[in-house]
Structures are given as C-alpha cells and as structure tokens.
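Number of protein chains: 2
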Amino acid sequence: MTEHATRWGILGTGNAARTIAAAIRSARDSMLQAVASRGGHRREQSRALGPRELHDSYEALAASDNIDVVHIATPHTAHFQNALLCLEAGKSVVCEKPLTMSRSEAEQLILLARSKGAFLMEAVWPRFLPAVIRSRELVEHGSIGRPQFVNTSIAIHLDPAAHPRVYDPSLGGGVINELGSYPLAFAIGIMGPVLGSKAISTQSGLVSENCLMQCVHQAGLSSGFCSLKFQGRNQVVIVASDGQLTLLPASGKFETLLIWSGNNGKEITEDHAYAGTGYEFMIEHVNECIREGWNESPLMPLADSLNMAGALESCNQQCSMPA
Amino acid sequence: MTEHATRWGILGTGNAARTIAAAIRSARDSMLQAVASRGGHRREQSRALGPRELHDSYEALAASDNIDVVHIATPHTAHFQNALLCLEAGKSVVCEKPLTMSRSEAEQLILLARSKGAFLMEAVWPRFLPAVIRSRELVEHGSIGRPQFVNTSIAIHLDPAAHPRVYDPSLGGGVINELGSYPLAFAIGIMGPVLGSKAISTQSGLVSENCLMQCVHQAGLSSGFCSLKFQGRNQVVIVASDGQLTLLPASGKFETLLIWSGNNGKEITEDHAYAGTGYEFMIEHVNECIREGWNESPLMPLADSLNMAGALESCNQQCSMPA
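Protein chains in written order, with the working numbering: chain F, 1 to 323; chain X, 1 to 323.
Treat the hints with care, as some may be off.
Chain copies aren't distinguished; within one or between two, either way the pair holds.
Taking lysine-lysine and the BS3-like style, the derived pairs with C-alpha atoms no more than 27 angstroms apart in a straight line are [claimed, not checked]:
(1) K266 x K116
(2) K253 x K266
(3) K266 x K229
(4) K116 x K253
(5) K229 x K116
(6) K253 x K229
To be clear, the hints were calculated from the coordinates, so they are not data collected in a lab.
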C-alpha cells in the first residue's frame, strides 16, 4: 500500500459489499478506508469487511474527507438515493448495477456527477476482464469483420430462500434487474447503443425469473437470455461477417476466448486466466481513473449506462405481462 | 432401386428442385419419377433433373398414377396453391419451407390432407440429420436436465443479384420466410410449441435482410437470429438446467455435437459426419412414412408446421416496421 493508494468507502454490508471489499484488498494501490452501515447488527458485518473506519450512517461516510471513491452496494432500489447523497457531497461514485430503476434517475445522476466534476461509473465488472477487453479489441481492429449479432446467455441459480431480496418487487427484484445489465453491457460494448428493445419471459412469479431481451443497434441485433432458476454455463457469442468470437467462462470468470475465422473455418483458443475473482480488474481501472482525474470511465462510459437504464426499464415493463 | 422404391415427383425446377432431385438419387429406395414445369425453357431444366417423366403442367403431375409423393419446390407464395392442387388429387406432399404464407393457409392444407388421408410434411431438412436427432434424444432422456433456452444463429449470404426471388416481396421474400423456419423448428423440437413471439430487424430494405425472433414456450424461451447479409458459422445452442448442447456445422450440415455437463464442467465432442448433402436423410424418412402408410411424420409433425406458420406470420408483421 503506497501513499497514492486510492481510499475506498463502501455503502452497504451485503454480498456485493463483501465481494468488493475482497477485491479492494487484492487489487493494487487500493485501501478499504471506510464502510457505512445503518447500525445495529450490521455494525458487526461492517467490521468484518476490515475497513479502517466504521460509519453508522451513509451521510457520515459521504461527508468523510478520507475517502476518494464510494462503492454503493445497497439494494437496487436504494442506488439512486445513495448515489445522489455521495455525489452531492462531491464524492466519486461506483454504483452496483443496475445504476438506477429508471432512465430518468440515471440521467439525473449523470447530470449531477457532471455538475460536481465527480467520477461516476456503473459497476459492470465483466467489462474489465482481460478476455472481454481482448474481444472488443479484436472487433475494433476488424479481425472478424463487421459485428452482426451478439448473443449472451447468463443463468445464475439464486434460490428464493437464500436470496429473498432478488425476488422482492419492492427491492427491485427480478432477473432483469439482477442479471440484465450483463447481456446489455456486452451487446452495447460491441454493437453500440440500443435503439429499440423487446423482451419476453415465462413469468412464473411476482417477479420474472427468466427473460429474453432482444435489441436493435445501428449495426445489427443482440439477444440476452437471463435466468435465476439454474446454474448455466454462461457465454457470449459475437457473430460477425468474417468470423465469430465466443467468451466462455469458468464459473462466470470469462477466461477463455474462442476465435473462429470464417475465412478458413478454424477456431483457436486464447487463455486469459487470472488468479482472483475478476472484480480486482474493475477496482484497478477505477483507481487509474481517479488517479488521472477522469470523471468517466473510457471502458464503461456513462452514455452506456444511460442507454442500459432505458433498455432495462423498457424490458421490465414488457415482462410485467406475458408476451 | 427396388420394386418398393418410392416414386417422387417434383413441382418446380429451381435451386430447391435441384437439391431435392440429387437427394432422391442418392437416397435409398427412391426414384425420381417425374418433374413438372410450366413449359418453355423450363422444360430443359426439368430434363436436366433426370426424371423418368416430364410434365408441362403441375396439374398433369398431380393427376399422374405413377407418383407416390410430390415435392413442392416452387416459390414460397405458390406453396399453398400447389400443395392444394396435389392434395386435392389425393397425392402425398412434401412442401418446401415455409409451408405457407399464413397460419390460416397452413391450417387449410392440414385439414385437406387429413380429409384425404394423404401424407403432408414441411421440408425442414435439418430435423432429420443424425446430430439433430441425437440432440433431441439427449434432451428427451433428461441427459442435460430441463431445457431452458434454445438459441439458433443462421446466416447464409444470398446476394440480391444472384437470388432476386429472396428479395422480392411479391414472392414472399425476406429473411424470415427464407431462413426463419430453421430456428423455429429447432426451438419447437426442443421446447414445444411457441406460445408467443416478438421479432426485430435492422430493416434496411423492402424486405428484412436480418431478423431476431424470440419465443415463449411452456418450458422456457428461444431466440433465433437470421441474416442474408453474410455467411455465418451457424449454430444451435440448447441451454438446460444440468448442461448445454451445441450443434456446430460444417457448411450448414450440423455434423458436430458438443455436450457440456454442468455437473463436471466438461465438454465432449460427438462426430455425426455423413457423406451426402444431408437432404437424403429427409428423403429416406419420407420413404419410410409412405411405406408405413403414415399420414404425418413423427419427426416433423403438422402441429409443429401450424405453430411455425403462426409464429412466422407474426414475426413478419412485426418486422415490417422498426422496433
């Protein structure tokens, strides 16, 4: 830990907070300065994350002078208010996905961040993985021709008993809020902004447990399947005019990149393995942004988050009734 | 060729007729008895297909006593009238996909075939390939758990100059009619009937050159990407609760089946290579149906064709305007 270590604060003490705290500890040039919880038994959970400071209110952390950037790891429906609080205090903010519950809220946060000159980013962590960055470079360099279709399939089994928040409509439950950011972020990263979207679900409960989102982009189409009902292989396929890329995971980590060439019909395998959980790449990228004084990430820009918020809002509306 | 060889007639002389004539020649127990064209220069094209008889009208072939089954290889918009003609004459009919231009027309053909006791089938040839049959068996035996999502991606480059019919709205042009039957047939074969569908396209011309169809089935969801603008790898991925199957083609033949197990994270490769074009499996299946006196194929039943016709009609309507 150097004198230039970025000092992180975390709002919240749940699963996301634990994952981020571990990533901050393992990332270069990072320090977990503070965690804020709303007191009671959560104080013990805060302490277990190992920060230098504990705060019993989000306001206290937002006001602290010892913090360079706040990671918001509270339930989905609280993101907007919590991000607002920190940005108002002039803090840089990294917010768990989805950034907000609506496009309008996302727009307000972005405008506020810009007016404050504060860094703001949605924590779509797969964007920063080596294999994912490599796939975007291959596309940008024209290695597989023009991209035409991106298909992402993400299934993570989250049992209602163990994860009640994910199934609670009042906390922004449902698969679209929980997992929908992933396929959208992959598709937008390759194909550019979503111009229109449609979504369907088999809709078996109060909230959607699976969904299929399809999007029109300027250059082509994308499709995203998400499910909470089983543990899938999870993969991203980028279909292009001269080839095809497949991002294959080992337990969600996307370490393997298959590169198929339409010219010779051959497929090669690139290994982009890493030792950690994968979140450390995002933390180190944010450290760099903060160090450089950037107010926006070049890898996860705010225009993408605004576009994703609109697509998620639309897909949620469409999946609240059967197709 | 035995005395029990099934005697085929073909209506039409275009690309589909040439493909089917070659398949009839290479399939077991088959004979190309007759080809019907509408006279003029097409008589030479008919003769080139090598049948025993030539007819200058579709009516003459439909009335022939030497024919066991008629393959309808005329443009999409003619399928309904041509199939009607043959079924009225009591002939068994195999019809190029899409069976008709609407669900209502498909329903009329099916009712007529049933009232005549005649065999009727839509020529969705990939259904009969060994690797495809094997994938359905694996799903039915529960080898990969419950299917949740089927994603098919089919891109076949058909240049407007060389294939004007495919881009002619008056001949049922557009990618949905040309290729849409493939993803629907794969999805329905695994997930059961389509209960609702949505479709999008980047819609660059008079007819859609690409499309993305998404469907709700009882058990899950499916997605089908199709494009006429480039030659893709083409693949089918079946995502299930305990594993995943990938049908990979060599030039559309789907000879390779990848079986991934969610239990051990391992993938094995099954080779289902064959020497021919692949159409011969469909021809031999129809020969068997005719020999057995079946009025419907167990592998490509009429309920599936009716369901596909409805989904295609709906997707065509949705893609006639931007998403």
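Here's how the hints hold up against the structure:
{"no.": "1", "hint": "K266 x K116", "verdict": "neither (51 angstroms within a copy, 50 angstroms between copies)"}
{"no.": "2", "hint": "K253 x K266", "verdict": "both (25 angstroms within a copy, 16 angstroms between copies)"}
{"no.": "3", "hint": "K266 x K229", "verdict": "between (35 angstroms within a copy, 21 angstroms between copies)"}
{"no.": "4", "hint": "K116 x K253", "verdict": "neither (35 angstroms within a copy, 58 angstroms between copies)"}
{"no.": "5", "hint": "K229 x K116", "verdict": "neither (41 angstroms within a copy, 46 angstroms between copies)"}
{"no.": "6", "hint": "K253 x K229", "verdict": "within (20 angstroms within a copy, 33 angstroms between copies)"}
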